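Trainee: Using the sequences and the accompanying hints, generate a full structural model.
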Amino acid sequence: PVFGNWLQVGDDLNHRNLVDYAKKFGEVFLLRMGQRNLVVVSSPDLAKDVLHTQGVEFGSRTRNVVFDIFTGKGQDMVFTVYGEHWRKMRRIMTVPFFTNKVVQQYRFGWEDEAARVVADVKANPEAATNGTVLRKRLQLLMYNNMYRIMFDRRFESEDDPLFLKLKALNGERSRLAQSFDYNYGDFIPILRPFLRGYLKLCQEIKDKRLKLFKDYFVDERKKFESIKRVDNNSLKCAMDHILEAQQKGEINEDNVLYIVENINVAAIETTLWSIEWGIA
Numbered sequence: 001p002v003f004g005n006w007l008q009v010g011d012d013l014n015h016r017n018l019v020d021y022a023k024k025f026g027e028v029f030l031l032r033m034g035q036r037n038l039v040v041v042s043s044p045d046l047a048k049d050v051l052h053t054q055g056v057e058f059g060s061r062t063r064n065v066v067f068d069i070f071t072g073k074g075q076d077m078v079f080t081v082y083g084e085h086w087r088k089m090r091r092i093m094t095v096p097f098f099t100n101k102v103v104q105q106y107r108f109g110w111e112d113e114a115a116r117v118v119a120d121v122k123a124n125p126e127a128a129t130n131g132t133v134l135r136k137r138l139q140l141l142m143y144n145n146m147y148r149i150m151f152d153r154r155f156e157s158e159d160d161p162l163f164l165k166l167k168a169l170n171g172e173r174s175r176l177a178q179s180f181d182y183n184y185g186d187f188i189p190i191l192r193p194f195l196r197g198y199l200k201l202c203q204e205i206k207d208k209r210l211k212l213f214k215d216y217f218v219d220e221r222k223k224f225e226s227i228k229r230v231d232n233n234s235l236k237c238a239m240d241h242i243l244e245a246q247q248k249g250e251i252n253e254d255n256v257l258y259i260v261e262n263i264n265v266a267a268i269e270t271t272l273w274s275i276e277w278g279i280a
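Per the working numbering, the sequence shown starts with residue 1, numbered consecutively.
There may be inaccurate statements among the hints.
Below are the BS3-like pairs computed for lysine-lysine, each with C-alpha atoms no more than 25 angstroms apart in a straight line [to be verified]: (1) K214 - K236; (2) K236 - K88; (3) K167 - K208; (4) K222 - K88; (5) K200 - K223.
Taking CB as the label site, the calculated pair distances span [as the list claims (entries may be wrong)]: (6) N64 - A119: 42 to 48 angstroms; (7) L51 - L164: 38 to 44 angstroms; (8) G55 - W277: 25 to 31 angstroms.
Hint data in this document are derived by calculation from the structure and do not stem from the laboratory. Note that the coordinates shown come from a computational prediction; the quantities given were computed from them, not determined experimentally. Glycine residues also receive a C-beta, built at the ideal position from the N, C-alpha and C atoms.
Mentor: Below is the structure:
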């Protein structure tokens, strides 16, 4: 009654284990993980039926104690509850990211970054004989693509001190958030006191990241705006649109920082993995 299936399953709920459970228990099965009930649907047809009939319930990502820290309990876009706030955030993010105008505006920048990667690989004589590990260079490519869109900024090289600091903090955030080490405290609240050290570290990393975003990027963009006044027809980057929404009172400064937080994880790391997989 307290632990449920947790003692049988443990913390590791990766997709391979869930496939094995589906073969044993069927296409739909229930896992009682402490106080959380997890319904696992492995059939595409059944998943479609579930999403059609329970769309609102599945419209929000499940939060936990660690993601509540990193997102300010859903003040971002990715982990906010499906509703008015999510629709407002989506509307604000559509113009600077998801229009054909944006694609045309940044196309040449993306092509330039890709050409720089090719040039760097060509300039490495060992790449022709011993091969090369592209991950770090592709990581710089993705950061530059996104930071051009977000802040009209780019990093000159993999050794850029600000890039190294940013990458290190983002990497630590991803490691802490994606770990299975804290699941027991999320599933069984009475065990949460054992997570104090882990959650304290998460809070420290979050504070450092948000301070870095604010000091080096958001505030710098605000200074640029104050020097060179922009209007709706000359907005240069995504942050201009987001700051304009803040000035109108649609979102607050915390929302702005958590949007940047989302972009640093969801838009960069996941795309990097896809590109790396495609090249491989």
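Trainee: Would you mind marking each hint as holding or not holding in the structure?
Mentor: Structure-based check of each hint:
no. : hint                           : result
1   : K214 - K236                    : holds (19 angstroms)
2   : K236 - K88                     : holds (21 angstroms)
3   : K167 - K208                    : holds (12 angstroms)
4   : K222 - K88                     : holds (22 angstroms)
5   : K200 - K223                    : violated (33 angstroms)
6   : N64 - A119: 42 to 48 angstroms : holds (43 angstroms)
7   : L51 - L164: 38 to 44 angstroms : holds (41 angstroms)
8   : G55 - W277: 25 to 31 angstroms : holds (30 angstroms)
In this structure, only the earlier hint numbered 5 is contradicted, and the remaining ones agree with it.
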